[in-house]
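Enquirer: Using the sequences provided together with the hints, build the complete structure.
Residue numbers (the working numbering), protein chains in the order written: chain A, 1 to 270; chain B, 1 to 425.
These are computed hints drawn from the structure, not numbers from a lab.
There could be a bad hint or two in this list.
[Claimed, not checked] Straight-line Cα separation of at most 30 angstroms, DSBU-like style, residue types lysine-lysine; simulated pairs:
(1) B:K159 x B:K144
(2) B:K262 x A:K41
(3) B:K287 x B:K337
(4) A:K41 x B:K175
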Amino acid sequence: MKRFTRLILPHVVLVVFSLAILMPLLWILRVSFTDKLTAYKIPPELGTLGLMNYYDIFARYPFVTWFTNSLFIALAATAVSLPLATALAYAFARFDTGGIALRLGVLASQMLPPIILVLPLFGMFLIAGLMQSRMALVISHLTIALPFLSWMLISFFEGDVARLEEAARVDGATRWQAFRYIAVPVAGPGILAAGLLGFILSWNEFLFALVLSGPNTQTLPVGLAGLETHAGVEIAPLAAATVVSLLPVFVLLPLLRKHLIKGLSLGALK
Amino acid sequence: MLRRCWLGAAFAVAFSAETYAETVNILMETVPDTEYVKTLLPEFKQATGIDVNLEVVNYAEMHTKLVPQLVAPKGSYSAIVVDFYWVGEFTKAGWLQPLDERIKADNIDTSVYVPKLMELVGTVDGVTYMLPFYNYAMGLLYRKDLLADEKNQADFKAKYGIDLGPPKTWDEYLKQVEFFTRDDMHGVVNQGLRPDPIAMEWSNYLFANGGDYHDGNWTPTLNTEAGVKAVEQYATNVNKYGPVGSASFSFDEAFNVMAQGKAYSYITYNFFRAAVDDPAKSAVVGKVEIMPVPGPTPEQGGSLNGAWGWAIPKSSPNPDAAWTFLKWVESKDIAKKRALQGGSPTRTDVFDDPDVNAKYPHAQALKQMLLTSHNFPVFTYTPQLVEVLGRELSLAVAGEKKPADALMTIDAEMLELAKKDGKIK
Chain A
1 MKRFTRLILP HVVLVVFSLA ILMPLLWILR VSFTDKLTAY KIPPELGTLG LMNYYDIFAR
61 YPFVTWFTNS LFIALAATAV SLPLATALAY AFARFDTGGI ALRLGVLASQ MLPPIILVLP
121 LFGMFLIAGL MQSRMALVIS HLTIALPFLS WMLISFFEGD VARLEEAARV DGATRWQAFR
181 YIAVPVAGPG ILAAGLLGFI LSWNEFLFAL VLSGPNTQTL PVGLAGLETH AGVEIAPLAA
241 ATVVSLLPVF VLLPLLRKHL IKGLSLGALK
Chain B
1 MLRRCWLGAA FAVAFSAETY AETVNILMET VPDTEYVKTL LPEFKQATGI DVNLEVVNYA
61 EMHTKLVPQL VAPKGSYSAI VVDFYWVGEF TKAGWLQPLD ERIKADNIDT SVYVPKLMEL
121 VGTVDGVTYM LPFYNYAMGL LYRKDLLADE KNQADFKAKY GIDLGPPKTW DEYLKQVEFF
181 TRDDMHGVVN QGLRPDPIAM EWSNYLFANG GDYHDGNWTP TLNTEAGVKA VEQYATNVNK
241 YGPVGSASFS FDEAFNVMAQ GKAYSYITYN FFRAAVDDPA KSAVVGKVEI MPVPGPTPEQ
301 GGSLNGAWGW AIPKSSPNPD AAWTFLKWVE SKDIAKKRAL QGGSPTRTDV FDDPDVNAKY
361 PHAQALKQML LTSHNFPVFT YTPQLVEVLG RELSLAVAGE KKPADALMTI DAEMLELAKK
421 DGKIK
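Expert: Structure (C-alpha cells):
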C-alpha cells in the first residue's frame with residue numbers, strides 16, 4: 001500500500017495529466033498521416049497511413065513561402081529586438097532612465113488591443129510604400145517584442161549584478177566593458193530565454209501578419225488559417241502543416257535548453 | 001567588403017516592397033472556385049500579358065484585412081470578392097466602383113446571370129457594383145439509397161400513406177426526417193452554432209414555411225405563424241431527430257456526420273454535393289443527392305441564396321487591368337471551365353451547357369435551386385442581423401425562450417437596424 005501511494009499513484013496521476021497534454025498533439029500527428037474521412041471517425045480508426053498530406057502542403061499550397069517568411073521575420077524581429085531590449089532593460093535597471101513613467105510608457109502599447117495598433121501602422125506603411133513587405137512585418141513585430149523583452153530583462157540586471165559591475169569598475173573597467181563583459185554574460189540565460197520568447201511571439205503572431213502581409217509575404221499562422229475554408233476545415237493537410245511548423249521549436253529547444261542550463265550553472269553568483 | 005555587399009543586396013531583396021505594375025492583385029477567400037480560377041490564370045497571362053496575384057485568406061479574417069485597404073486612398077488590391085454579407089456596408093460606404101459604364105462600353109450581357117444572384121451580389125439600388133462570381137445557395141442533401149430501399153418504401157407508405165421519394169413539399173420532408181430517425185441513424189443533422197450557421201440554416205426553414213424576413217416596406221415579418229412554425233420545427237429537428245451536440249455544430253461538423261453515413265439529410269451549401277462523392281472525405285460516395293429545399297407547395301422552393309461577387313474597389317491601384325481580368329474570368333468560356341472543374345456557376349448559360357450537364361447531372365437541380373431561392377436581407381447591417389438571429393434562435397432551440405418571444409425580439413431589433421439604415425423612415 002505504501003509502495004502504491006509513494007510510487008505508483010504519482011505516476012498514474014502524471015501519466016493522466018501528460019496524456020491530456022500529449023493527446024491533442026498525438027491526434028494531430030496521426031491525422032497528418034491519414035485523410036479527413038478517417039480523422040473524424042468515431043470510434044477512432046487508424047486507417048491507411050501515408051505521406052500524402054505532407055506532399056499536399058508542398059504541392060498544393062505555398063507552404064514553403066509561408067514557412068520561410070515566418071522564419072525570416074521571426075529571426076529578424078528577434079535579432080533586432082534582443083539587443084535593443086537588452087540595452088533598454090539595462091538603462092532601466094541601472095540608471096532608472098525616464099523613471100516609472102517611461103517604463104509604463106513602454107508597456108502601454110501592449111495594453112491596447114492589437115487591432116487599434118495595426119491601423120496606424122497600416123497607414124504609416126502605406127505612406128512609406130512598405131505595405132505587404134517583410135520589412136513592415138518585422139517592424140510591426142518589434143512593437144510587440146520590444147516592450148515584453150525589455151520588461152522581462154529588467155530583473156536580470158537588477159540586484160547583485162550591479163555589485164559585480166562596481167567591482168569591475170573599481171578594477172578599471174569602463175562602463176561599456178562592465179556591461180559587455182559582466183552584466184551581459186551574467187544575464188545571458190535570461191537574454192537567451194527572452195530571445196526564445198521573442199522568436200515565439202513573432203512566429204505565432206497573427207493579426208499584424210494578416211493585415212500587413214501580401215500574397216508573397218504571408219506567414220504560417222495566416223496561411224494555415226486559410227486551410228479553414230468555406231467548404232470545411234482541410235484538417236488532414238492542416239495537421240501535416242502544423243507538424244512541420246512545430247519543427248523549429250523542436251530544433252531550437254534542446255539547443256537552448258543546453259545553453260540555458262549551462263548559463264545558469266556557470267553563473268557568477270553560484 | 002564583398003561579403004558586406006552581398007549581405008546588403010540580400011537584405012535589400014528580402015525587405016523590398018512588392019511592385020504592382022501590370023499585376024492584378026486580388027484578395028479572395030478559400031472557396032473551391034478560388035482554386036479553379038488559379039488553374040486557369042496562365043490562360044489570362046497568355047491572352048493579356050497581365051500577371052495575377054491571388055491572395056487567399058480565411059473568411060473569418062477577410063473583413064478585418066479588407067477594410068483598411070478599402071478606406072485607403074490607394075490600396076493594394078486591384079479587385080476583390082465581396083460576400084453578400086458586406087454588400088450593403090461596402091456600397092453605402094462608397095468603397096466600390098460602379099461598373100455600369102464599363103459594362104456598357106464592353107457590351108457585357110448581365111442578363112445571363114441568375115436574376116436572384118444579380119439582386120444579391122450584382123446591383124444595389126439600380127447601380128451595378130459587382131459581377132456574381134460564385135454561388136453558395138443552400139440545398140437539401142439526402143440519402144437517395146435509403147429512399148430507393150423497398151422496405152423503407154413499404155414502411156413509409158404504411159405509416160404516412162404517401163410514397164417515399166425526394167420530398168415534394170416541406171411537410172413531406174419533415175415526415176421523412178421523423179421516419180429515418182432510428183437507433184443507428186439520424187433523420188437530419190443541423191448546423192446549430194451561432195451566429196452564422198444557425199441563422200443561415202434556419203432561413204431555409206422560414207422560407208420553406210412560406211415566411212419571409214420583411215415585407216415590401218422593410219417592416220419585419222418574422223413573428224408570424226410561418227416564423228413560429230419554422231423555429232419549432234428547427235428546435236425539434238435539433239433536439240429530437242439530430243445527433244447530440246448539433247446545437248453547436250458548424251457546417252464542417254454537420255457535414256462530417258452526413259459524410260460518415262450517420263444522417264439521412266442535411267440542409268447545406270450546394271458545393272458540399274461534390275464533397276460527398278470524394279472518397280477521402282465521405283463514406284457515402286454515390287449515395288447522396290441534392291435538391292432545392294422543398295417549399296410549402298411543390299411549385300415553391302425554400303432554399304436560401306448566397307453568393308460572392310467580383311468588385312473593383314475605389315482604392316484599386318489599376319482598375320482598368322482589374323476590369324480586364326473580371327471580363328475574362330466571367331466570360332462564358334472561363335465560367336464554363338470553372339464549372340467543369342466542379343465550380344458553382346452563376347450564369348444560366350453555364351448551367352444549360354451540354355458539357356456541364358453531361359459531367360454533372362445535378363446541374364439542373366442546382367439551377368432550379370437558384371431560380372426558386374430566396375435572398376437574405378441585404379443592407380448595411382446584415383452582419384448585425386445575423387448576430388441577433390443567432391442569439392435569439394439559439395435561446396429558442398435551448399428552450400430558454402419561447403419561439404414567439406425570440407421572433408418578437410428579432411423583429412424589434414431588425415426594425416431598429418432598418419431604421420438606422422434609412423430603409424424605414
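Enquirer: With reference to the structure, classify each hint as holding or not holding.
Expert: Verification of the hints:
1. This hinted pair checks out: K159 (chain B) and K144 (chain B) have alpha carbons roughly 19 angstroms apart, not beyond 30 angstroms.
2. Under the criterion of a C-alpha separation no larger than 30 angstroms, the hint pairing K262 (chain B) with K41 (chain A) is consistent with the structure, at around 11 angstroms.
3. In summary, the hint linking K287 (chain B) to K337 (chain B) is supported, as the alpha carbons are separated by about 26 angstroms, within the 30 angstroms threshold.
4. Annotation: proposed proximity of K41 (chain A) to K175 (chain B) holds, straight-line Cα distance about 29 angstroms (limit 30 angstroms).
Of the hints listed earlier, there is not a single one the structure fails to meet.
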